[in-house]
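Position chains E and L relative to chain Z; hints supplied.
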Amino acid sequence: MNIDSKTQRTLNKFIPQLESMSKFGIAFLVILILIFFAGVYALYVQLTEGHIVTGMRDQVVWGLFIVNFIFFIGISYAGALISGILHLLRVPWRSPIIRMAEIITVVSTIIGPTYILLCVGRLDRVHHLLLFGRIQSPITWDVIAITTYLSGSIIFLYLATIRDFALLRDNPVKVARWRNWFYKVLSMGYSETPKQKEILARATDLLSIVIIPLAILVHSVLAWIFGMTLRPGWHSTIFAPYFVVAAVYSGTGVLILAMWVFRKVYKLESYITKIHFNYLGYILVMLGALYGYFTFSEYLTSWYGSIKWDMEVLHRLFDPSDYWWWFFFAAFIGVLLPIIIVTVPRFRNINSIAFASLIAVFALWVKRYLIIIPTLEAPLLPNHDLRPEFIHYSPTWVEWTLTVSGVGMFFLMFFLISKFIPIIPVMKISEEKDYNSLRKKVKERNLRRLMKQVRKSDTVNG
Amino acid sequence: MYNPIIIIKMKEIKNSLPTFFALLAISLLSFQAMGQEPVKSRNSLEYYKISEHRVLKATLKAKEGRNYIFLQDFPVEFNIVIDTGSVSLGSSNTNESGEAIFEVPDEMFRLHSTNGVTSFEAIFAGTERYKPSESSLEVKDLKMNLSFTQEEEEKQILLTATELNGDESVPISEELEINFYVPRTFTLFPIGSKSLESGKVIIPFPVDLPGDTLGNMEVIAKIEGNDTYGNVSVSSAINWGLAQAKIVETNRGLGDTNAPLWMVYTLIVLLSVVWFHYMYILYSIYLIKKESKKALAENM
Amino acid sequence: MVHPFCNDLIATFKIENMQIHKQALEMGKVEDSQVNKEAGNSRRNFIRYSVAAGAGSLLGASLLTGKINAEESDGEKVKVLTTDGRLVEVEKGHLCCEPVSHEVARHGIGNKKMVMVIDLSKCRNARECVKGCQKMHYLPEDIEWIKLFLMRDNEDTGPYWFPKPCLHCNNPPCVKVCPVGATFKRSDGIVLIDNDRCIGCKFCMAACPYSSRVFNWKEPKIEPHELDKNYSPENSTPGKVGTVGKCDFCPDMVRQGKLPSCVTSCPNGVFYYGDENLDTVTNGSETLRFKKLLNDRTAYRFMEELGTEPSVYYLPPTNRLFDYKVGFNDISEEEIALYKKEARIED
Chain Z
6 MNIDSKTQRT LNKFIPQLES MSKFGIAFLV ILILIFFAGV YALYVQLTEG HIVTGMRDQV
66 VWGLFIVNFI FFIGISYAGA LISGILHLLR VPWRSPIIRM AEIITVVSTI IGPTYILLCV
126 GRLDRVHHLL LFGRIQSPIT WDVIAITTYL SGSIIFLYLA TIRDFALLRD NPVKVARWRN
186 WFYKVLSMGY SETPKQKEIL ARATDLLSIV IIPLAILVHS VLAWIFGMTL RPGWHSTIFA
246 PYFVVAAVYS GTGVLILAMW VFRKVYKLES YITKIHFNYL GYILVMLGAL YGYFTFSEYL
306 TSWYGSIKWD MEVLHRLFDP SDYWWWFFFA AFIGVLLPII IVTVPRFRNI NSIAFASLIA
366 VFALWVKRYL IIIPTLEAPL LPNHDLRPEF IHYSPTWVEW TLTVSGVGMF FLMFFLISKF
426 IPIIPVMKIS EEKDYNSLRK KVKERNLRRL MKQVRKSDTV NG
Chain E
155 MYNPIIIIKM KEIKNSLPTF FALLAISLLS FQAMGQEPVK SRNSLEYYKI SEHRVLKATL
215 KAKEGRNYIF LQDFPVEFNI VIDTGSVSLG SSNTNESGEA IFEVPDEMFR LHSTNGVTSF
275 EAIFAGTERY KPSESSLEVK DLKMNLSFTQ EEEEKQILLT ATELNGDESV PISEELEINF
335 YVPRTFTLFP IGSKSLESGK VIIPFPVDLP GDTLGNMEVI AKIEGNDTYG NVSVSSAINW
395 GLAQAKIVET NRGLGDTNAP LWMVYTLIVL LSVVWFHYMY ILYSIYLIKK ESKKALAENM
Chain L
-16 MVHPFCNDLI ATFKIENMQI HKQALEMGKV EDSQVNKEAG NSRRNFIRYS VAAGAGSLLG
44 ASLLTGKINA EESDGEKVKV LTTDGRLVEV EKGHLCCEPV SHEVARHGIG NKKMVMVIDL
104 SKCRNARECV KGCQKMHYLP EDIEWIKLFL MRDNEDTGPY WFPKPCLHCN NPPCVKVCPV
164 GATFKRSDGI VLIDNDRCIG CKFCMAACPY SSRVFNWKEP KIEPHELDKN YSPENSTPGK
224 VGTVGKCDFC PDMVRQGKLP SCVTSCPNGV FYYGDENLDT VTNGSETLRF KKLLNDRTAY
284 RFMEELGTEP SVYYLPPTNR LFDYKVGFND ISEEEIALYK KEARIED
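Protein chains in written order, with our numbering: chain Z, 6 to 467; chain E, 155 to 454; chain L, -16 to 330.
Among the chain E residues that face chain Z by a calculated CB cut under 10 Å, a handful are:
1) D410
2) T411
3) V418
4) L424
5) Y434
6) I435
7) Y437
8) Y440
9) K447
10) A449
Think of the hints as simulated: they come from the structure by calculation, not from any bench.
Here a beta-carbon is modelled for each residue, glycine too, at the ideal position from N, C-alpha and C.
The following block holds chain Z by itself, in its conformation from the complex (with noise of 0.2 Å):
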C-alpha cells in the first residue's frame, strides 16, 4: 500500500503509543490488574458462601450489580449512537473521535453483561437459558439483543480499524512482534484499491444504518425489564426512551472523558482541539435537557397521580433522611451543571466540559441507584421484617469490590486495546485536511451565513 508522506508523518507520531510503555503506564497497568485480581477474589467468596455476602435480601434483589450493568450498557452508546449518526451525517470533524467512541461501546458492552452473572443466583445454570429460554421473558430479550448488538459494534469497530491495520501490516512494529502477524491477518489484504474502498464505504454506511436502531432496542429492552414489572417507579411507559436518552447521555459523557484523557496521555492537542469538546458538549447540553425532560415528566405524572405506592417512592426520593441530597445530585446537579458549563461561555473550556461530563456520568450512576433501589424497598405490602438489611439496602465489601473491578477492568481493556491499535484512525485522518483551516473554513460559513440574514432582514425591514 502506498502512502503519502503525510500518513507517514501521522504514523510516526503514533508508533511511540503502540510500542512503548511509560513507567506511569506500567504502574497504572500493575495496580489494574491487582484491581481485578481483588474481583476475582470478591467473585470467589460470592460464589462459595452464596449471594448471603452481598447485601441484598428478599425485598431488595437487585443491588449495585444490575445498577452497574445498566451504566455500563448505557455508555455503550457513545459509539453505536454517537459514532454511528455522526457517521451517517458526515459530519466533518468526527474523525478523530469515532474510534474511542467505539472502543467503549465494545468494552462497556463486554462489561455490563457479567454484572447481571453476578447477580445470577445459580452460574451453574446459566446454559439453561440456551434449553429452557423463554421468548416471553425480557431478559431473554436482552439476552438476544445483548449478543447482536456486541456482535455489530465488534464488527463496526473492526470495519472502521482495517485501513490501520493495512497501514501496520506495511509498517510493523518493532516490539512484540507477533502482533504483526495479527495486523497482517486482520487487514484482509487491504491495500484502497477503488474496489476495496468502495466495498469498505458501502459495508460501513450499512452498518452505521443497522446499529442506530439497534442500540436504541437494546436499552428500550433493558427499560423493559423494570418497566414490565407492577412497581411504583418502574412500570412506566415512558421507561423505554427515558432510558435511551439517559444511556446517551452518559455515553456522551465517557466520550468526552475519554477523549480528554487521552488527549492528555497520548498527547494528542493537535488532532482533538477544543473544536471537538465543544461540539459534543453542545450534543451533551441538548440530551441532558432531554434527560432533565425525562426526569421532570416521570416524577412529575407521578406526583400528581398521587398512587399511594408511588407516592411511597417519591417520599423516599425527597426525604432528606433517605435519597433526597443523592436525588438532588443526580436529577438537578447532573443536569443543570452540565449545562450552564457548556452554555456559558465564559464556563466553556476543555477542562470544565471533561469536568461537566465527569459529573454527568456520576450523576448518571446515582440516577440508575436511584432507580433499581427505592423502588424495591418500596414494596406494595408493609415490611415488618425485624432485621434492618432486610428493609435498607446497603452494599457490601463484596458488591464494592466487584464494582471496582469492573470499573478497572474497563480501564484495563481500553488500555490494552490502545496499545494494540491506534487511538485516532490514522489513514483517516491523514485524508483530511488540518483542523485550524477547517475551524477557519466553519467560521467564514457562518459568517457568510450570518451575512446572508442581515441582507433578508434588511430587505424584509427595507
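Showing chains E and L alone in chain Z's frame:
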C-alpha cells in the same frame, strides 16, 4: 518430644470415648426404664361397617406426663367373643395415630354372630413400659341400601335400612339419624340429615352440586357412633351432578411455556433483518480479501 | 335392594375415578376418551381399590400417590381409615409419599382448580400457620412462606391481621418474566417453582407485587436424614441455595387428599382450602360451598386492581373475633413497635 507410646494411648482413649458415653447412656436409660412403673394404657374399640366391609378400629394411647400420646407400632389382638370363649381373628399394628385397623373376614362374621349380633374385643398385651389393656363392644349388623329415584322433576336419594330378625331381614324400626354426604377433595360435604321412618328415608338430591367432568357424583349415607349398630356407611354414585367444565391447558401465552405467535414472528423478523446485514457485511470483508488477490495478480 | 342399574353405575364410576386418578398421576391431565378405553382394566386393580371405593370416593385412593402404581405394588400393605371414615389401603413405607417427577409436576392434578379462602375476621396472629408451614417444608426460622401483616387501610380504620401465602395468581406476573420457565402456572391453578431449573435471576421476585417470593441466600442447613421425602417441585423440599422459594399450595398434600399444614395448624380455622370445580372449601372442621361463601361474606381478592387474578380470596375483617392487640401477646416489643409503625398506630 512426645513418647510415641503415650500418643497411641491417647488415641485409644479418644477413640473409645464415644463408645464409653454411649454405653453409659444406654445403661442409665435402661436403669431408668426398669426403675419406672409401667404406664397405664388406654384402649378404645370402634366398629365401622363400610358397604360390605366390617372394620374394627382400636385406638391405643397412654398418659405420658401431662398429655396423652398415641402408641405407635404396637400389636393389638382382635377376637370375637362367643358363649364358649373367644375366637381369634388376627392382629394388627397401630399406626402413627395409635390406631390398629382390622377388617373382619366375612365367613368369621357369619359363623360367629347370632341373630346379627356380634361381640368383639381388642386386646393389647402390654409391654414393659405400658400395662395391658382391652376393650370390647357388641354390635348388631345393619344393612343399608342407597338408591336414587326421580319423581316428576324432583330427584331424590332413597335410603333403606334393614336388620336380621331370625332368618329374614326386616326394616329398622328405630328412628336412626342418617347423615348424607358428598365427598369432596379433602372432606365430606354434608348435604342433609334425616331420621329413618320405618326403615326408610328420602332426601332431595343436591342438583346444584358439581360432580366430575361427566357429572358423576357419589353420595354417602352414614349412621355415626350408634350404640347398637356402630358406624355404618354406604355409598352410591349417579351422574346427576353438574358436569364440570373440562380444564383445557393453554400452551401459548405470556404465562405459558410457548410464546404467543406474534412474538415469535416479530423476533424472527427482527433478528433475521439484523443478522442478514451482519452476514452481508462479513461477505463484503471477504470481497475485500478477494479483491486484494486480484490486485496482486494484476501487479505481477 | 339395589337397582342393578345403580350397581353398574357404581362399578363404572369407580373404575372411571380410578382411571382419572391414574391418568392424573401419569399425565397430569384427564382424557375422558382414554378413561373409557381403559375402563375394562385389570380385575386386580379393581379389587384392590374396591375396599376404598366401598368406603367412599375413590378420591380416597388418592392416598396412593406419585409413583405408587397399582400395577407394581406387591409390598406389604397397610389399611388406613381416613378421618372422615373411609377405608384405604396403602403400601407400607409409602405412607409418606414418593413425590411426582419434575415433568408430571408441570401439569395440574386432574380437573381441579385449587382455591383458598382466608377469613380475616378470625385471625389473631397466632402464627401457627407460619410455623406449621416452616416445619412441613423444612424451612429455617428466617424464611417464611406465609407472612403475617398488620394491615390498616388508613388512619381512621381498624387494624387487622392479614395472613398472606402466595396468592397463586391466574395471571401471574412472576411466570411471565421467568427466562427459563422455572416457575410455571398449572391447569389446577397452582404456581410452582422447579428449583432444579431456576437460575436465580430473581426477576420473578421483582415482578411479584405481593412479596410472596423468598430467595435461598445461603445453603439451607438440612441434614439428609431429617428429610423424609425427595425433592419435587410439588413439595419444594429441600430448598436449594441460589434459587427462589415460595408457598406452593401443597400439591403433594392435595394428591394425598390431605390438607396443607397452614390449614390444619391454624387454631381458629382461618384458612379454607378446596377445589373450585367441586365448589367446596374446608378448614378441616367445616366444609362450605365456595361460591356461596364468597357471595355471603362479600369476599375480595387482594389488590384485584392489579389484574393478577389471585386464587386466594379474603373474607373481610368485619366483626372480628379478636382485638388486634391479642396478636401482640407472643411477640417481642421490637416487633410490636415495627408492626405499629407500619400500620401507623400511635400509643
